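Novice: Please take these sequences and the hints and turn them into a complete structure.
Protein chains in written order, with the numbering used here: chain A, 4 to 466; chain B, 4 to 466.
Hint data in this document are derived by calculation from the structure and do not stem from the laboratory. Do not take every clue at face value.
Ranges between beta-carbon positions, derived for each pair [claimed, not checked]:
#, chain 1, residue 1, chain 2, residue 2, range
1, B, 226, A, 272, 25 to 33 Å
2, B, 82, A, 462, 57 to 65 Å
3, B, 83, A, 396, 23 to 31 Å
4, A, 51, B, 340, 41 to 49 Å
5, B, 272, A, 407, 16 to 24 Å
6, A, 24, B, 157, 36 to 44 Å
7, B, 368, A, 86, 56 to 64 Å
8, B, 56, A, 340, 37 to 45 Å
9, A, 434, B, 82, 46 to 54 Å
10, B, 382, A, 67, 52 to 60 Å
None of the values given here were measured: they were computed from a predicted structure. We treat Cβ as the ideally placed atom computed from N, Cα and C, and that holds for glycine.
There are 2 protein chains.
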Amino acid sequence: MFEKFFNPEAVAVVGASNNPVKIGYAIMRNLISSGYAGKIYPVNRNPGDILGIHSYQSLTDINRSVDLAVITVPAASVFDEVKECVSLKVPYVIIIPGGFSETGESGREVEKSIKNLIKGSHTRLIGPNTVGVYFPHTKLNTALTPPERVSFPVAGDIAFISQSGALGLLTMDSISEYGIGISAFVNIGNKIDVDENEFLEYFNQDARTKAIAIYLESMDNGRRFYELLRAINRVKPTVVLKSGRTEASAKAASLHTGALASNDRIVDGMLRQAGAARAYDEVELLDYSRVLAYSKPFAGERIAVVTTAGGVGVITSDYVSSRSHGIGLHMATLSEDTKAEIRKQIVSFGSAENPVDLTADGDIPSYEKVLGVLQKDRGVDAIIAYALPQTPKMNMEVVEVISRLSAADKPILVGVIGSKLGKELLVEFERARIPAFPSIERVVKSLKVLHERGIYLKSRGLL
Amino acid sequence: MFEKFFNPEAVAVVGASNNPVKIGYAIMRNLISSGYAGKIYPVNRNPGDILGIHSYQSLTDINRSVDLAVITVPAASVFDEVKECVSLKVPYVIIIPGGFSETGESGREVEKSIKNLIKGSHTRLIGPNTVGVYFPHTKLNTALTPPERVSFPVAGDIAFISQSGALGLLTMDSISEYGIGISAFVNIGNKIDVDENEFLEYFNQDARTKAIAIYLESMDNGRRFYELLRAINRVKPTVVLKSGRTEASAKAASLHTGALASNDRIVDGMLRQAGAARAYDEVELLDYSRVLAYSKPFAGERIAVVTTAGGVGVITSDYVSSRSHGIGLHMATLSEDTKAEIRKQIVSFGSAENPVDLTADGDIPSYEKVLGVLQKDRGVDAIIAYALPQTPKMNMEVVEVISRLSAADKPILVGVIGSKLGKELLVEFERARIPAFPSIERVVKSLKVLHERGIYLKSRGLL
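Specialist: Here you go:
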């Protein structure tokens with residue numbers, strides 16, 4: 004299922020264009036510039052080449068089977084194009100344009116008629132109102148945005164299912180700066196045929212995918228979604244950003260993707276029951292997906308913090324231990340042996356208490372020894388380690404050190420705050436699949452999600 | 004007061020060094036590379052040059068008065084150096100090294116003896132346990148970190164008082180990436196003499212400073228701090244990040260800067276009473292300072308949102324209107340006239356309801372007209388506008404458009420989510436003093452702080 008969708012040998016772009024203001028132009032450019040290795044067939048009523056590739060006047064004219072047709076023509080012409088796809092038995096069709104159920108009754112009618120076209124056929128539809136897909140592994144990219152406007156992430160461990168196209172694109176654009184990778188991106192849009200549930204099943208089986216991130220404005224088959232989430236979360240973590248939480252925003256969602264309102268308390272309880280993490284925005288969605296994809300969940304509540312900047316340690320302790328503005332866990336009480344060992348590694352005005360403060364004198368060997376001691380302390384359940392590039396003796400070796408020590412029992416989450424050197428460190432941590440975050444709050448919130456998964460797995464006898 | 008501190012004509016660096024591992028080396032490099040235009044006098048017991056500048060064997064040997072002495076020698080030698088400063092009537096002395104009250108009783112005793120030295124003298128002390136200062140306007144930079152490790156912000160509107168040096172440095176490093184400027188940075192450290200209160204008074208008078216950001220682990224004179232904050236906030240907004248909120252973190256703070264614990268509920272009530280905004284981490288501190296420095300506070304509760312990406316509008320509506328995960332304000336109900344005007348500007352599948360969705364077709368002229376209409380709608384109190392670089396027709400002109408429309412009554416806060424083009428937009432917005440933020444949550448949280456200041460000013464009859 005979906006094999007040819009994720010790995011098509013031939014893709015047709017219906018409405019491909021040489022005109023830079025058309026989406027059929029941007030999509031052609033993305034397909035070409037991403038380095039998609041399969042065959043590309045532009046389709047345009049006018050004969051000629053499109054971006055240097057021979058163009059066909061209709062899908063039928065191509066005279067060979069394509070695995071995927073990307074329809075970029077305006078809404079009014081979509082019906083006819085889908086009809087042709089069905090008669091040619093094109094297995095997968097992405098309908099890019101908006102202008103359907105999200106605009107009202109007449110749009111809903113058109114969607115229905117398109118849906119009727121594929122009944123009993125071999126054709127599956129993705130969309131409409133979608134930017135389509137981006138698959139780093141096969142370099143298939145059908146985004147409707149010019150390539151210079153969006154950076155796309157490298158290949159990674161997170162599958163990203165989004166109901167909204169633009170939200171997907173800007174999230175991918177944001178994370179690529181930090182070298183964060185994804186295994187696939189699919190934008191389900193108005194999902195008149197294939198929906199989040201089918202992709203959930205696919206990514207559950209996909210060996211590349213270690214965690215699944217989902218942005219939804221509506222659940223058309225909430226029962227099925229719940230059952231899938233519940234089954235999948237026993238093995239593979241999922242993070243759900245479900246928007247339209249209030250009356251005001253649910254109305255906005257219905258105008259955006261034709262989503263029907265759902266009671267947010269029910270959604271919340273359902274996600275909790277299913278063991279899914281809940282994100283509230285685009286940043287949390289990928290932060291939580293990363294920590295769950297890369298780290299071992301933990302059920303304990305005792306957190307150790309290592310820093311080379313005292314103030315960062317104090318603020319982190321606040322967030323860890325506070326219930327009002329924080330996650331309500333506990334700062335670990337280190338054993339006397341641990342403290343004695345740490346004291347050997349730090350200057351006199353450092354702190355061997357938790358948060359451990361190596362001060363600006365902290366170098367990589369002492370950092371490594373301190374982390375090693377904390378990994379062994381039975382009073383510690385998880386570790387937050389700051390790699391602060393402003394500290395004179397901090398360097399890229401810290402990535403290898405933390406990577407090595409992350410192999411031990413307790414998860415290590417990393418905070419990196421800074422600009423140029425900070426960005427380089429974050430990219431290196433990401434490459435090593437160490438969850439690293441550019442702010443204190445983000446590292447602590449992600450820690451909480453990893454802890455909640457630990458609690459969930461433990462309650463199911465899975466940890 | 005402090006005139007020669009912020010604008011010294013001659014600075015001595017006691018313990019200046021050619022040895023790259025010494026902080027007396029890093030500080031000399033920062034002074035030189037920042038472009039400080041006054042005289043620099045390195046002081047080192049050994050004769051010779053330091054970084055190409057003639058060095059003196061003692062402060063006395065310089066044989067002219069200096070306005071500021073930066074003491075970089077180890078803690079044990081600080082007493083003697085301060086004694087010399089006092090006898091030479093050096094008006095300002097920064098004591099860089101740690102190793103005093105934050106390490107325990109003996110350190111506290113040394114601090115006391117140093118404090119006794121300046122009684123009745125003309126000398127004021129900043130520190131110890133400080134990185135000193137950074138003043139963009141006079142390019143005075145005494146940071147102890149090698150210059151290649153920290154980027155320093157440009158000249159701007161925010162004065163930044165920090166008890167912790169490293170937290171100050173890494174925060175400055177982070178914001179410089181976005182072109183965010185400051186009017187001054189002072190690190191008060193263990194504050195045995197000059198404390199946050201005196202700098203608060205100074206920045207209150209400073210015309211360059213439009214908002215004051217303060218990071219504190221302790222308040223030694225809380226009464227005075229409260230009275231100052233209360234007076235200052237009537238005119239100039241302040242944002243306070245007070246850490247050590249819980250028992251666990253207060254202990255960490257005492258090990259870091261020798262801070263005494265304070266009851267956080269009292270701190271909270273005090274800040275509220277004084278009209279200060281409270282930040283909980285390094286990101287909020289500068290976000291809130293910027294929005295308060297650049298924008299007009301508002302007391303109403305009706306928020307309009309403009310986006311070119313529907314999903315971003317829905318998530319923003321969630322955060323605006325939700326109480327559980329959000330700020331509990333209201334999405335404005337737009338008037339029929341407003342909606343009719345907006346409809347003229349957008350494609351059929353866009354939304355003229357709030358959040359207004361111009362979709363990927365939204366261009367700058369329609370963006371400008373929509374913002375103009377919202378500025379006139381009496382049912383709107385404040386506006387969140389997204390400038391999303393993934394949208395094909397979005398470009399740098401949006402900065403000028405929003406800048407022009409921000410001159411009208413209602414504040415406009417901007418969200419920019421993305422990577423390369425996003426960063427460029429953020430820097431341009433910052434240059435225009437438009438508060439812009441790289442995530443949905445950050446723009447909404449900042450909006451709340453601006454609203455709270457509006458409520459505060461209104462309750463005092465000041466709005």
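Novice: Hints first: check each against the structure and report whether it holds.
Specialist: Cross-check of the supplied hints:
Separated by about 48 Å at the C-beta atoms, residue 226 of chain B and residue 272 of chain A break the suggested range of 25 to 33 Å. At about 60 Å, the CB distance of residue 82 of chain B to residue 462 of chain A agrees with the hint of 57 to 65 Å. A hinted range of 23 to 31 Å for the beta carbons of residue 83 of chain B and residue 396 of chain A is consistent with their spacing of about 29 Å. For the pair residue 51 of chain A and residue 340 of chain B, the supplied restraint of 41 to 49 Å holds, since their beta-carbon distance comes to about 48 Å.
Between residue 272 of chain B and residue 407 of chain A the CB atoms are about 47 Å apart, so this pair departs from the stated range of 16 to 24 Å. Residue 24 of chain A and residue 157 of chain B have their C-beta atoms about 37 Å apart, which keeps the hinted 36 to 44 Å range intact. Between residue 368 of chain B and residue 86 of chain A the Cβ separation comes to about 38 Å, which falls outside the hinted range of 56 to 64 Å. Judged by the Cβ atoms, the range 37 to 45 Å given for residue 56 of chain B and residue 340 of chain A is violated: they are separated by roughly 49 Å.
The given range of 46 to 54 Å is respected by residue 434 of chain A and residue 82 of chain B, whose C-beta atoms sit roughly 49 Å from each other. For residue 382 of chain B and residue 67 of chain A, the hinted distance range of 52 to 60 Å is satisfied, since their beta carbons lie about 58 Å from each other.
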